[in-house]
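First to last, the sequence lines map onto chains P and A. The first sequence finishes on residue 1666 if you use the working numbering, and the numbering steps up by one all the way, no holes. The second sequence finishes on residue 357 if you use the working numbering, and the numbering steps up by one all the way, no holes.
Treat the hints loosely; a few may be bogus.
[Unchecked claim] DEER-style ranges, computed between Cβ atoms:
| no. | chain 1 | residue 1 | chain 2 | residue 2 | range |
| --- | --- | --- | --- | --- | --- |
| 1 | A | K186 | P | V1300 | 57 to 63 Å |
| 2 | A | K242 | P | E1525 | 32 to 38 Å |
| 3 | A | K186 | P | G1326 | 28 to 34 Å |
| 4 | A | K186 | P | L1422 | 20 to 26 Å |
| 5 | P | V1300 | A | G299 | 52 to 58 Å |
| 6 | A | P354 | P | E1331 | 53 to 59 Å |
| 7 | P | E1331 | A | S157 | 27 to 33 Å |
| 8 | P | K1604 | A | S157 | 41 to 47 Å |
| 9 | A | S189 | P | L1641 | 50 to 56 Å |
| 10 | A | Y352 | P | K1604 | 27 to 33 Å |
| 11 | A | G349 | P | G1326 | 17 to 23 Å |
[Claimed, not checked] For lysine-lysine, the following BS3-like pairs were computed, each having C-alpha atoms within a straight-line distance of at most 25 Å:
| no. | chain 1 | residue 1 | chain 2 | residue 2 |
| --- | --- | --- | --- | --- |
| 12 | P | K1515 | A | K151 |
| 13 | A | K284 | A | K317 |
| 14 | P | K1468 | P | K1604 |
| 15 | P | K1604 | A | K347 |
| 16 | A | K347 | A | K95 |
| 17 | P | K1515 | A | K317 |
| 18 | A | K162 | A | K151 |
| 19 | A | K186 | P | K1515 |
| 20 | A | K95 | A | K151 |
Calculated directly from the structure, the hints in this document are not laboratory data. The beta-carbon is built from N, C-alpha and C at its ideal position, and this holds for glycine as well.
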Amino acid sequence: MNIKVRKIIPQLITVLVVVLIFGFFTFNAQINMDNRGIEFGFGFLSQESSFDVQFSLIDYDGSHSYARAYLVGLLNTLLVAFIGIIISTILGVIIGIARLSPNYLIERSAAFYVEFFRNIPLLLQIFFWYFAALRALPLPQDTEPMFGVFFLTIKGLFVPRFVWENLDILFYSILAAVISIIVIKNYARKLQEKEGKQLPVLYISIGLLIILPLLTFLIGGVSLNFEIPVIKQLSAGSYIYEGGLGIPPELIALTLALALYTATFIAECVRAGIQGISKGQKEAAASIGLTPNQVLKLVIMPQALRIIIPPTTNQYLNLTKNSSLAAAIAYPDLVLVFAGTALMQTGRAIEIVSITMLTYLSISLSISVLMNWYNKKIAIKEK
Amino acid sequence: MLKVIKSLTSFVAMVAVLFVFTTETMAAKKSKTLKNTQKKGFVRCGVSQGLPGFSNADASGNWTGVDVDVCRAVAAAVLGDANKVKFTPLSAKERFTALTSGEIDILSRNTTWTLSRDADIGLTFVGVNFYDGQGFMVRKSSGITSTSQFKSGISACTNIGTTTELNMRDFFNSKGISYEPVAFEKADEVVAAYDAGRCDTYTTDKSGLAAQRTKLSNPDDHIVLPETISKEPLGPVVRQGDSVWEDIVRWSLNVMIEAEEYGITSGNADSMKTSENPAIKRLVGAEGELGAAFGLDNDWSLRIIKQVGNYGESYKRNIADTGILPDRGPNQLWTKGGILYVPPAR
């Protein structure tokens, strides 16, 4: 028996065993389901769901299908993940840099924040923010408006809604601004390479981004109005705000808890990234006459990012998966709406749990692919 | 070479083991559940995570309630001891999966009997131990005294995975009222959120409202509205496919109800053996061979009555005396104006 065959046989056997184990579970489940008269299938997805959901980004009520309820849950999960990732990144970068501050007070408070928030179980933090907020927030009728138009109440944060007219024209003007910025940037780079002149690209870009859309207001017929929430009496002692945009307290508490928790880990990634760059780099950059800003932008950050990105990707994935704790505080995410209510109403445990698992897997893999692409882009390019 | 042989043998062994397991599951048995229960020495019973009067654990872990008593009755019948029950607290979401997957053998957890649950997902409802209906609880300070005063924009706290969610939609839709459903996974969180003022109303089965009301910080500040918006017959459930076990659970419940009808209590059960009435004598095992059909001895029903009591005793002990629902309402015997009516045990 030659080496090649000997190498292949154990692998073949491993594959066979894995296939057999999966086959066994499928077979077993099939038999047990047959015994109890349960049929496997995805036909239920097109049935009417007949339950309502508190908060949805798309048009939905109980007369839509289970498939649409799935989409509602998925979008709500993505919403929390998206907002959570943005807030935790901003907070994480600030705190990570603060931990390196020469100022003792700033450095210590940042360290305290990190140690405090990352060492308390996330579910407890979610409960804390939710029930603490519910206890602390006023009833709608007792609310003092912030800036006259924001109303923070126990039933949610009510903010003015934008009512746009000719929104498409505004959108085109922003697109035009972005295209011209790219053109100018390219021109500026060529100019610098050819003649050594530097154009103030940043100021020009900001100017373009403000002036072009502004023009559409003046001559393009674009207008923006605000629909301000107004209080409505439901009965003698209960009120609600109507009109405007209502953000449920569940969403606020969940996003806050996820962002504060994940920010601690991102802060540590940022600190590790910056401390991973040797002091010599900074000194060398300064010695060739770069300004402190340029040192950070052109020398430190590009190298630090290579250390920061891979562990930060993990944190983004964690945040997305942790968002499934939403079920505890009634935020209608994928787990609550689909793997919760829909599973209960249809009884299709195997189908729904597999769909949910595949969905989380796809979300995580997409984030992973995106971050890996970015990581490759900023990695050292050897020529 | 040796390595290859080794891995080949382990592979063959693995296949053999899988084969044995598979044939084991394929073999149909008459009452696997009864056999397993007697082998284990306890009844595996799924209950709620804490609903006073129905299934609730005290500080030392003793479970009480009318739903708990159904499982105790089965344990008394098949094992001879009403205390040989292992209770598994389940959320509304988990309950059916726990039953169909075989983690528990009886689900006695204020579960509504509906067509789709009975027919579609591998379950069999064996009877009704509590006739209920969905209602609403509101704060007294809201001034609401009837559901007709509900207005669009009202927020309603409830549990996910219950018929409540569906009934609520039907109710508000038929009235043309838009509402905000706030659905939690666990009942304790619903209570906490409603108590804090997150919702204007708390909706679930009326018995549940009465029970959960006792957990609020100021129970007297809240009232349950008089309207009932649905039929909620609550009862124990078993897995589909074991008709002997199904019969045992069904008749354990029926015996409790019929015992009340004939005035047999835990106190007088033994003396009833000498009764003139053959129906009573059958219930206390002094006549007939009722247990044989299930593969049980003839004292199975006597043990239920002696150890758990009849339905009326169970109701009084768990629901009336605890102040949850002192009035039996529809859960009174048919002979006394209620709708509790069970087939004769003969």
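Okay, the hints, checked on the actual structure:
1. K186(A) <-> V1300(P): 57 to 63 Å: holds, 60 Å
2. K242(A) <-> E1525(P): 32 to 38 Å: Holds, since K242(A) and E1525(P) (Cβ atoms, about 34 Å apart) stay within the stated range.
3. K186(A) <-> G1326(P): 28 to 34 Å: holds, 32 Å
4. K186(A) <-> L1422(P): 20 to 26 Å: Hint holds: Cβ distance 24 Å, inside 20 to 26 Å.
5. V1300(P) <-> G299(A): 52 to 58 Å: holds, 56 Å
6. P354(A) <-> E1331(P): 53 to 59 Å: violated, 36 Å
7. E1331(P) <-> S157(A): 27 to 33 Å: holds, 30 Å
8. K1604(P) <-> S157(A): 41 to 47 Å: Roughly 46 Å apart at Cβ, these two residues keep to the hinted range, so it holds.
9. S189(A) <-> L1641(P): 50 to 56 Å: violated, 34 Å
10. Y352(A) <-> K1604(P): 27 to 33 Å: violated, 52 Å
11. G349(A) <-> G1326(P): 17 to 23 Å: Since the Cβ atoms of G349(A) and G1326(P) sit about 41 Å apart, the hinted range of 17 to 23 Å is violated.
12. K1515(P) <-> K151(A): Roughly 19 Å separates the two Cα atoms, so the pair holds.
13. K284(A) <-> K317(A): Holds: K284(A) and K317(A) sit about 12 Å apart, inside 25 Å.
14. K1468(P) <-> K1604(P): violated, 39 Å
15. K1604(P) <-> K347(A): This hinted pair is violated, its Cα atoms lying about 56 Å apart.
16. K347(A) <-> K95(A): Not OK: K347(A) and K95(A) at ~34 Å, beyond 25 Å, violated.
17. K1515(P) <-> K317(A): violated, 59 Å
18. K162(A) <-> K151(A): holds, 16 Å
19. K186(A) <-> K1515(P): Holds, at roughly 19 Å.
20. K95(A) <-> K151(A): violated, 44 Å
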